[in-house]
Every structure is written in C-alpha cells, then in structure tokens.
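Asks: Chain B: place on chain A using the hints.
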Amino acid sequence: MSNWRRRLSPTGNTGDAIFRAAMFAVASFMVLIVVAMILALASHSTLSIRQFGFGFLTDREWNPIKDQFGALAFIYGTIVSSLIALIISVPLSLGIAIFLVEQAPYYLARPITFLVELLAAIPSVVYGLWGIFVLAPFLRVYVEPPLARWFGWLPLFQGSITGIGLLTGGIILAIMVTPIISAVVRDVLSAVPNTQREAALALGATKWETTQVVLVNAAPGIAGAVILGLGRAIGETMAVTMVIGNRPEISLSLFQPSYTLASVIANEFTEATADIYLSSLVELGLILFFVTFVVNAIARLLVWRVTRRTTSVGMAV
Amino acid sequence: MAFLNRTDRTRRATSGVMTVLTALCTVVAVGILLIILSYIAMRGIGALNLRFLVDTPRPVGEGGGIGNAIVGSAVLLLLSCVVGIPLGIATGVYLSEFGGGLFASVVRFLVDTLTGIPSIVTGVFVYAVVVLRMGHFSALAGGIALALIMVPIVARTTEEMIKLVPHSLREGALALGAPQWRVTLGVVIPAAASGIATGAMLAVARVSGETAPLLFTAFGSRFFPRNLNEPIASLTVQIYNYAISPYDEWHAQAWAATLVLMTLILSINILVRFLTRKKF
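Quick mapping for you: the protein sequence lines, in order, are chains A and B. Take the first sequence: its position 262, counted from the start at 1, is 262 in the numbering used here, and no numbers get skipped. Take the second sequence: its position 141, counted from the start at 1, is 1141 in the numbering used here, and no numbers get skipped.
The following block holds chain A by itself, in its conformation from the complex (with noise of 0.2 Å):
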C-alpha cells in the first residue's frame, strides 16, 4: 500500500495522490476517446468492410439504389481539391508570414497578424454561403472563361463552366487554410534564432537574402506547416459541399462538379436508409480519420522538430 502512494504521490501527501490520480484519469479519458472513435468507425464500418473490401478504395462507382459503393471519386475530389488548395495558399501564406516576421515594423505586423488570424475565425459554414453567392459566380464570369480561352487546350480548363465545381471548392479551401499555414510558418520564422539573421547581414546580404538563410533553417517546420494545411483541407466540409456540386463523378475537368470524402458524408448521411450505405458513409469516415490523423502527426512532429530545437538552443544561452 505505502509503496502504490510513493508512486501515486513522490511527496507522500494525500492530497497529491488523489489530485494526481485524479488528472490522470482525465488525461486516459483522452487516450480512451482516440480508441473508442477508431472502434466505433470501424465497428459500424464493418458491414461495407466485409462486402466490398480493398474494392472500396478503387471502385469508383457510387449508387445507392443498387446498393454498390466505392469511394475513388470522394478520394479524387478530395486529392484534386486540395491540391489546388495548396497550389494557390503555401505560395499566398508563405509571402504573409515572411512580410509579417521578416519585413514588417511591429506596429504593422501586429494588427495585421490578428486581421489574417481572424479569416481562420470565420466558420466554414459562412465561407459556404459566400461561395455560392460570391465567389461562384465571380469565377464563372471573371475568372473562368479566360482560362478556357487560354488554357482550353489543357483537359483541365475543358467542359461547361458553371462556376460551381472543383475550382471554386479549391478555392474557398485556399482561402482557408491560408490563415493555419501562415501562423504556423510565422511561429517557425519566429523560432529561427537571430544570430542567423545577424550573421548574413553581417557578411553583407541584402533582407532578401538573409530571409533565404532563414527559410533553410525553418524548411522542415515549414514543411510541416503545408502538411497541416493538407490536413485541413482534406477534412474541410461544408464550405466545400456547398460550392463542390456533390457529384460522384471523377473528370478531368476543374470546372466539373465533383464530391469530396467529407461532404459525401455531410449530404448524404441523414438520407442514408439502408444499413450497407449507412456502414459506406461510416468507413468513408474511417478513411478521413487516418488520413488526417497520418497527415497530423506528421506534421506536428516537422513542426516541432524546428520549434524544439530552437528553444533548446534558447534556453542553453
């Protein structure tokens, strides 16, 4: 007994035993809540597991009266959608953070800083609303046609532009992700310590080129700052279900509408009658929680590796 309290409490109070104990229940509670999400996915999962198989993933045939259900066109719209994502967010998001750690006096940078961490405030579900009413048809008069003009020859820019499909939702998703790239690669700019920067303008390099000292330092943290981002942007769902057209259709085409593994699930499971699509819609669920729990980790553990460093080099000066 004395020996299960010098473990519980190395004070030997208590108090301190039964507060400790009492914290650690609340931290297994955590670990308890992973596990159970994974075993209840995939319990209710099981159905669709057993009838379709390793199928699930390449069949891309979607069709609910004939009870046949496979996944690769959630998975094509979610890849392509955020890809263009990133495309356009890491280059926007990289400028932002370097402006806003590298370029910027503080009076600016710290108003602005809160204004860009105030798009990451605004829910998904209002980004949606824009996107049909702003966004969609913006890009189908402005933006659209002159890509099908210019860059007709590409498959990409080739079918019937409705302002509503894979572009538009690839948009709305670099847009917000934006906000949760750019924060991250300016805490990771921040954690590069300023005897970098110090020594490149000491041997003479312009702001630019003391920057490039800089993003070489932080590379793996900023890595894992698009990392997080694909992370969102896969799991993104109502901005997207809203703008995307929901169909389970795999084209090459980035003006045709497409579906996503999240918005499938936002649309269509409250219609789901029947158990197997049901059971579909739950492992189309499992699928997003590995992936993005995959892509989660590896970035936290990019990102820390810059941040950790860093602070251990702080705190030996």
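Think of the hints as simulated: they come from the structure by calculation, not from any bench. The structure presented is a predicted model; accordingly, all values stated were derived computationally and were not measured. Built from N, CA and C at the ideal position, the CB exists for glycine as well. Mixed in with the good hints, there may be bad ones.
Across the chosen pairs, the derived CB separations fall in these ranges [stated by the list, open to error]:
#: 1; chain 1: B; residue 1: Gly1046; chain 2: A; residue 2: Thr270; range: 29 to 39 Å
#: 2; chain 1: B; residue 1: Thr1276; chain 2: A; residue 2: Asp67; range: 47 to 57 Å
#: 3; chain 1: A; residue 1: Leu156; chain 2: B; residue 2: Gly1100; range: 44 to 54 Å
#: 4; chain 1: B; residue 1: Phe1223; chain 2: A; residue 2: Leu154; range: 49 to 59 Å
#: 5; chain 1: A; residue 1: Gln212; chain 2: B; residue 2: Thr1276; range: 26 to 36 Å
#: 6; chain 1: A; residue 1: Ala36; chain 2: B; residue 2: Arg1222; range: 24 to 34 Å
#: 7; chain 1: B; residue 1: Val1028; chain 2: A; residue 2: Gln212; range: 20 to 30 Å
#: 8; chain 1: B; residue 1: Ile1045; chain 2: A; residue 2: Ala202; range: 52 to 62 Å
#: 9; chain 1: A; residue 1: Leu154; chain 2: B; residue 2: Thr1010; range: 26 to 36 Å
#: 10; chain 1: A; residue 1: Leu154; chain 2: B; residue 2: Asn1227; range: 52 to 62 Å
#: 11; chain 1: A; residue 1: Ile250; chain 2: B; residue 2: Arg1222; range: 31 to 41 Å
#: 12; chain 1: A; residue 1: Ala25; chain 2: B; residue 2: Glu1171; range: 26 to 36 Å
Facing chain B, a subset of chain A residues (Cβ under 10 Å, in silico) [said to hold, decoys possible]:
#: 13; residue: Pro91
#: 14; residue: Phe114
#: 15; residue: Met238
#: 16; residue: Thr241
#: 17; residue: Leu286
Replies: Quick look at chain B alone, frame taken from chain A:
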C-alpha cells in the same frame, strides 16, 4: 555563395521586389477578409429586424425568423462548455504539472492530433455512440460533439498558459509548506486564470461556427427547444439549410443569420485580443 557573382544593384532590386511581393500577399489576404465581412454586413442588414430575431422559421413567403436557432445555439454552446471546459482544463493541468513522462507525451500528441481530426468525423463518432444508442437526434448529442471539439483546444491553451506562470510563485508556495495539489489549485491556476479564460473563449468562438458535427447529432428543429432530449435548431445548420435552398427569401435570411453569428464570433475575438493586449 551564389549571390557574390551578381552585381549589388540586382541584389538590392531582388530584395526590394520580394518585399513588395510579400506585402502584396498580405494585402490579398486582408483584402479577402474585408470583402467577406463587408458582404456579410451589406447583405445581412437588409433582412435583419427585431421580428426576425425572435420568430421561428416559417414557410417561404411568410417571413419567419431565427429565434429558435439563436436559443438552440446558446443551449448547445452552454452544454459543450459544461462538458468541454472542465475536461479541457483538467487535461491541460495534467500535461503541465505531470507532463514529463512517456504517457503524458502520448496524451499531448493525441490531443494535438485530435484538433486536426475533421469535425464531421467527430459527428459520425457521436452519431454512432450517442444517437444510435438513444435512438434519436438530440441536443445532448450535439452538445457532446461540440464538447469533443472544444477539449483539445482548451487543453493545449491551458497547458501553455500554466507554463507562463513564473517558477518563483510555485517555489514560494512550496516553501511555505503547501502540498503540491494546493500549489496547483490555489496558486498556479489562479495565476493563469485569465489566460485559461481567453483560451476557453476562443474555443467557444471556434465551436459556435461548427456545422458539420451538428448535422446528424443535433439535427435541427422548427420550434423552440423544450428539453435536451429532442432535436434542436442551431444558427449554423439553419444558415446551411437556407443557403442551399432555392428561395431568394431564405437566402436573404441566411445572410442575416450569418450577420448575427459573425457579430458573436467577431466580438469574442476582439474581446480576447483586448484582454491579452492589456496583459502583455
């Protein structure tokens, strides 16, 4: 060093151009924010009036309002706070006070990755464990789903805020003979209280905009809530349903409801900013 064989002038020009380009990126982001906010203000103000704020939804052509959705959102937020904030704070306290070991690292890692799990997946999970078990959609299920999203946010800010409490404070209390639990509860947590509170407020702001996890947990309703055991309306789900409807009148109502929601979210964010500004 590649830049040595270039002339100073091109090097300086490149630097200047890059400064302009990065500034431009920032202008684009801030510009988009202002465009979105001004659209919400412009389109929202038109359909907004007192009746709209207290009435329940009605069929197209008869007006109607978002009174029940406002009450519903408040109920859901309250529920999620009651469940999520204590759990989040306790997890954060565990991570900061006993956070050295391997298990704590695992918890920290899981909490971090939980923030990245799509909220729609949280919705599916709560549907499987709560809604299916109860047999129907309910406010309770919606509150639990929101709480699950809240916990990791509160936990991590709590941990960060407690880390900021100076060691001397802790050592002083310990030197006076207080056991560790009294030091944590009586000295450290009160010292970090304002930081923890702002973290909780940000979590509320974040959760108040969630739609996806409510679609098949709280579901939605056309009436004022009477108890927690039945489906409940929320601002976000209402906005979604109206936005994807084919009626102009409902579109206008969606913008007005968005204006109400954004007012709440923006005021929390600005308040938090004001509070943290005074401190540092």
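Asks: Hints first: check each against the structure and report whether it holds.
Replies: Taking the hints in turn, this is what the structure says about them:
Between Gly1046/B and Thr270/A the beta carbons are some 31 Å apart, a value that agrees with the proposed interval 29 to 39 Å. The hinted window of 47 to 57 Å between Thr1276/B and Asp67/A holds, with their beta carbons roughly 54 Å apart. Range check, Leu156/A to Gly1100/B: Cβ separation about 52 Å, and the 44 to 54 Å hint holds. Our hint of 49 to 59 Å for Phe1223/B and Leu154/A holds, since their Cβ atoms are close to 52 Å apart.
In this structure, Gln212/A and Thr1276/B meet the distance hint of 26 to 36 Å, their C-beta atoms being roughly 33 Å apart. Between Ala36/A and Arg1222/B the Cβ separation comes to about 33 Å, which falls inside the hinted range of 24 to 34 Å. A beta carbon spacing of about 22 Å between Val1028/B and Gln212/A agrees with the range 20 to 30 Å that was offered as a hint. The supplied range of 52 to 62 Å is met by Ile1045/B and Ala202/A, whose beta-carbon atoms lie about 56 Å from each other.
Checked against the hint of 26 to 36 Å, the pair Leu154/A and Thr1010/B passes, with Cβ atoms roughly 34 Å apart. Separation of Leu154/A from Asn1227/B is about 57 Å and conforms to the stated range, judged on CB atoms against 52 to 62 Å. Look at Ile250/A against Arg1222/B: about 38 Å separates their beta carbons, and that is inside 31 to 41 Å. Judged by the Cβ atoms, the range 26 to 36 Å given for Ala25/A and Glu1171/B holds: they are separated by roughly 28 Å.
Here the hint on Pro91/A is kept, as its CB sits about 7 Å from the closest CB of chain B, short of 10 Å. Nearest Cβ of chain B to the Cβ of Phe114/A: about 6 Å, under the 10 Å cut. The hint holds. With a least beta-carbon distance of about 5 Å to chain B, the hint placing Met238/A at the interface is held under the 10 Å criterion. For Thr241/A, the interface hint holds, since its Cβ comes within 10 Å of a Cβ in chain B; the closest pair sits about 8 Å apart.
The criterion of a C-beta within 10 Å of any C-beta in chain B is met by Leu286/A, whose closest approach is roughly 8 Å, and the hint holds.
Checked against the numbered hints listed earlier, the structure breaks none of them; every hint is satisfied.
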